[in-house]
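Engineer: Model the full assembly from the supplied sequences, consistent with the hints where possible.
First to last, the sequence lines map onto chains A and B. The numbers in our numbering rise by one with no breaks, and the one at position 73 of the first sequence is 73. The numbers in our numbering rise by one with no breaks, and the one at position 83 of the second sequence is 83.
One or more of the hints may lead you astray.
No farther apart than 25 angstroms at their CA atoms in a straight line, the calculated lysine to any residue pairs in the SDA-like style are these [to be verified]:
1. A:Lys-136 / B:Pro-102
2. A:Lys-136 / B:Arg-319
3. A:Lys-86 / B:Gly-267
4. B:Lys-387 / A:Lys-471
5. A:Lys-38 / B:Tyr-325
6. A:Lys-24 / A:Leu-398
7. A:Lys-86 / B:Ala-473
8. A:Lys-136 / B:Ala-339
9. B:Lys-85 / A:Leu-189
10. A:Lys-61 / B:Thr-239
11. A:Lys-24 / A:Leu-189
12. A:Lys-86 / B:Leu-357
13. A:Lys-136 / B:Ala-338
14. A:Lys-104 / B:Gln-376
Hints are computed from structural coordinates only; laboratory data are not their basis. A quick note: this is a predicted structure, and the numbers were derived from the prediction, not measured.
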Amino acid sequence: MSVRGAAKGVKIGLEIHCQLTRLKTKLFCSCSSDYRDKDANELVCPTCFGIPGTLPVLNEKAVEFAIRIATALGCEVAGTTSFYRKNYFYPDLTKNYQISQYDKAGGVPIAAGGHVQLDKKKVRIRRIQLEEDPGKLTYEGTIEKSSYSLVDYNRAGVALVEIVTEPDFESAKEAKVFLEKLRAMVEALGVSDGELEGAMRCDANVSVAGGGRVEVKNISSFKEVEKALNYEILRQTTFSGTEPSGVNETRHWDERRSITISLRLKEGEQDYRYFPEPDLPAVALSREYVASVRRGTPEVPEARAKRYVEQYGVAKQIATELSRDEPLSRYFEETAEIAGKGPEVANWVMGDSRERIQKMLAGEGKRVPPQGLADLLRLVDQGKATRDQARRVFREMLDTGKSAEELAGNADVGVLSDEHAVEQLVDKVLKESDVAGEAKDNPKAFNYLVGQVLRAERKADPKVVARIIRKKLS
Amino acid sequence: MGKLALSVRETARRVSAGEVNLEEHVASRLERMPRMDRDVHAFLYVAKEEAIERAREIQKRANRGEKLGRLAGVSLAIKDNICVKGMPATCASRILEGFVPPYDATVIEKIRREDGIIFGKANMDEFAMGNTTTSGAFGPTRNPWDLERVAGGSSGGSAAAVAASMTMLALGSDTGGSVRCPASYCSVVGLKPTYGAVSRYGVIPYANSLEQVGPIAKRVEDVALLFEIISGLDARDSTSARRTAAKRIEGVKGLRVGLIKEFFGEGIQEGVRKNVLDASAELDDLGAHTEWTSIRSLNYALAAYYIVAMAEASSNLSRYDGVRYGASLEKGSADWNAAFSKTRTECFGTEVKRRILLGTFVLSAGYYEAYYLKAQRARSLLRAEFKRAFEDFDILLGPTMPVLPPKLGDKVTPLEDYLIDVNTVPANLVGIPSISVPAGFTGGLPVGVQLMAPHFGEETLFSVAGAYQEATA
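Structural biologist: Written as structure tokens, this is what we have:
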């Protein structure tokens, strides 16, 4: 697709629906919200099935989770928030209205404002609101050709947080980067398992300079977002005249065919006849309550990376990568607290041993506590082991569960820093090597020589070896 | 109290003491029920088997000397918009034909816990929209005092069942007067509780922000007892409230009574005016001080009420589409939109469709501010004015209905029909309790007097209405 990144005047706004999968129960009843791989219509009760006379009761944990998201996105949490009914007929709604929130006609969503920092730009968040998920329709074949549809209400009433951005994206790529960031965020916040199928869904409003606003619905995964948006940008920019242009329209992303299909023209906004939900009184969110939720909110990767740079002096790039892995971050912090050497510990956990540590944290092999790693680093510090040796010792620690001290007693471990002994080794290597001549100006050859010496004597201190080679060559 | 039937308390005592053969008594009552109810048609469903089974079980426990509940062996009629597990709940609408709720409303659980016996489901206006109990899909209820006349509505079946002594107690629901209107027309006592005092869980809604379940009985003390039983905070209804201790006024001595001028204005029938003024004179004789007062924003009440009620109704009634329960005329249709429309067009009655249309209109973009929001502002105004009035008066008084029960088949326009709710809707808009008590007869037809108290002032209403009833019975 040649227009990628080239189209001018592209404006994209996203509406993300994120299921609060960590809630366990639905938004307004106590049915399980774990509907995946269940038989159809198994997880329903009179309330989420819309049986007459039932009433919604707000899941308080959902409010807490929404506030966590608001906190991470830097949104302002409302002092009082209210629920509204969004009225429309559709077979996947058990009541033919959805209990949602609204930012007009006196309605106050749970949070508004805020932003997310991408590499080069700020994406503004318009609002965050709580609402219930509808059920799920299944079509025979495709949506246009099916002669009937089946409906499964297991998903009906599952708690969703809707996050609406301003139209701040200028390319599909930016949108995708944002969404990935958002997914990592909700996972770190402990509110959603974003990678579950359908846990995070996205509608996009796309317009290209001068054209109408097109809403693309039914984008089922983030993988599809970039494809759908690129297709839509291409369609709008290279528009051939066989389809209406410059009008507001709703289109459907057909994943199988990788195209968008017009569902309806938006001549006027669809009228949802919003009005305050009379079965749910407005919810007062006191400052104390919001503050207590904020205190209990897990740190998101972005904030954590920032803290690692400021608090531990870790390089920004390493901090960013490290903070994305929550268990590894925890291990890093605990070790750094004991060893007191942030950058070094960060290099260690993000270096060659990273995978081994990750496996260990996932429960594989013997456990080396942060104290164990700190002890090992101290040996290096005290000149009792080389870094190379330490890596080897660490592997052994992971295999055997023995301490650094124990393993350091091994004959292989120790540092030969006796200048005279090292000099003899260096002389021998220089005499036998053919690259000695060019090593003075060629770092590669120089490092090769150091390596040769270390191969001959594993205990030799690399720093001392390098110094002596340099001296000999000059 | 010679003229009044046995009280609920006394009945429950006798049943508990084993002085009654309950099973036989209930069986014979229900045996005669079809004949008793042939003309009045208070019931849509008579729960004969369930009631006899229940009586047998209560009798057994009485025989074992177990302590029984406060409604032991007492018969009840339940309005058909209140869910009773295993009994149909149609709301007198074809659209809910065949629907049997899988659960008990909170008020029903509470009644069962007190050993009450549910005799059946009472007739009503379709989805509680009306004041005659003639709009339902299964035939009208007639007034036991004059079979040519309506029983009032929408809880007409409930009030008629009590008036005709088919049950001792009944539950209705009151959205804009639906308990008090039939209570007035049938000469029984009916209470519209403070909004939030009684759980709405299990009550099929017409207009959620206005309605409450209300008890109906011949005696004020029985209404008070049933209210005591069904009220209270319910975790399943977020709009329910713990009853706060309102200032309780004992007896009538020194009571400040406000006679609402607007309730005696245009359209009131002479006989009604006379009886209600006699009632206020009676309270004065008992030691009260009655004074005229005016609540100007009452002029907006009727319009505000119908806008809010219809708006909420249009949304509440959306769920009846034939997919999940109730009537479904186009099963397996390819076009769900057409299927929904067919079921809804054919299975809703005229009045229900009128209110859905009007409600849809007032919520539409561009009209929402002009109607719905304005109605909510009128509601706030009314609330404020009632609050001020209750600084001067302990209770407010007026006729429940401005007219006597109309004849069945009287031709009235929808507007004329809506207008006679003028005295009952304010209590729903404001959320305060209101009770209708029989105030004698005029030309052989019952008149009801309405008393209103501040929020959670039910005890005051019971005390005053009880004293009045005792003095006049």
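Engineer: Each hint needs a verdict: does it hold in this structure or not?
Structural biologist: Outcome of the hint check:
1. Distance hint between Lys-136 (chain A) and Pro-102 (chain B) is fulfilled; the C-alpha atoms sit about 23 angstroms from each other, no more than 25 angstroms.
2. Restraint check: the Cα-Cα separation between Lys-136 (chain A) and Arg-319 (chain B) comes to about 17 angstroms, which is no more than 25 angstroms; the hinted pair holds.
3. This hinted pair does not check out: Lys-86 (chain A) and Gly-267 (chain B) have alpha carbons roughly 40 angstroms apart, beyond 25 angstroms.
4. Note on Lys-387 (chain B) and Lys-471 (chain A): the hinted pairing is violated, with a Cα-Cα distance of about 98 angstroms set against a maximum of 25 angstroms.
5. With a CA separation close to 23 angstroms, the supplied pair Lys-38 (chain A) and Tyr-325 (chain B) stays within the 25 angstroms bound.
6. For the suggested pair Lys-24 (chain A) and Leu-398 (chain A), the alpha carbons sit about 36 angstroms apart, so the restraint of at most 25 angstroms is broken.
7. Taking the CA atoms of Lys-86 (chain A) and Ala-473 (chain B), the gap is near 52 angstroms; set against the 25 angstroms cutoff, the hint is violated.
8. Taken as a hint, the Lys-136 (chain A) and Ala-339 (chain B) pair is honoured in the structure, with Cα atoms around 19 angstroms apart against an allowance of 25 angstroms.
9. Proposed proximity of Lys-85 (chain B) and Leu-189 (chain A) is contradicted: the alpha carbons are some 42 angstroms apart, above 25 angstroms.
10. For the hint pairing Lys-61 (chain A) with Thr-239 (chain B), the CA-to-CA distance comes to about 19 angstroms; that is within 25 angstroms, so the pair holds.
11. Proximity of Lys-24 (chain A) to Leu-189 (chain A) is assessed by CA-CA distance (about 15 angstroms); at most 25 angstroms being required, the pair is judged to hold.
12. Of the supplied pair hints, the one linking Lys-86 (chain A) and Leu-357 (chain B) holds, its CA atoms being roughly 17 angstroms apart against a limit of 25 angstroms.
13. Taking the CA atoms of Lys-136 (chain A) and Ala-338 (chain B), the gap is about 20 angstroms. The hint holds against a cut of 25 angstroms.
14. A distance of roughly 16 angstroms separates the Cα atoms of Lys-104 (chain A) and Gln-376 (chain B); the hinted pair therefore holds under the 25 angstroms criterion.
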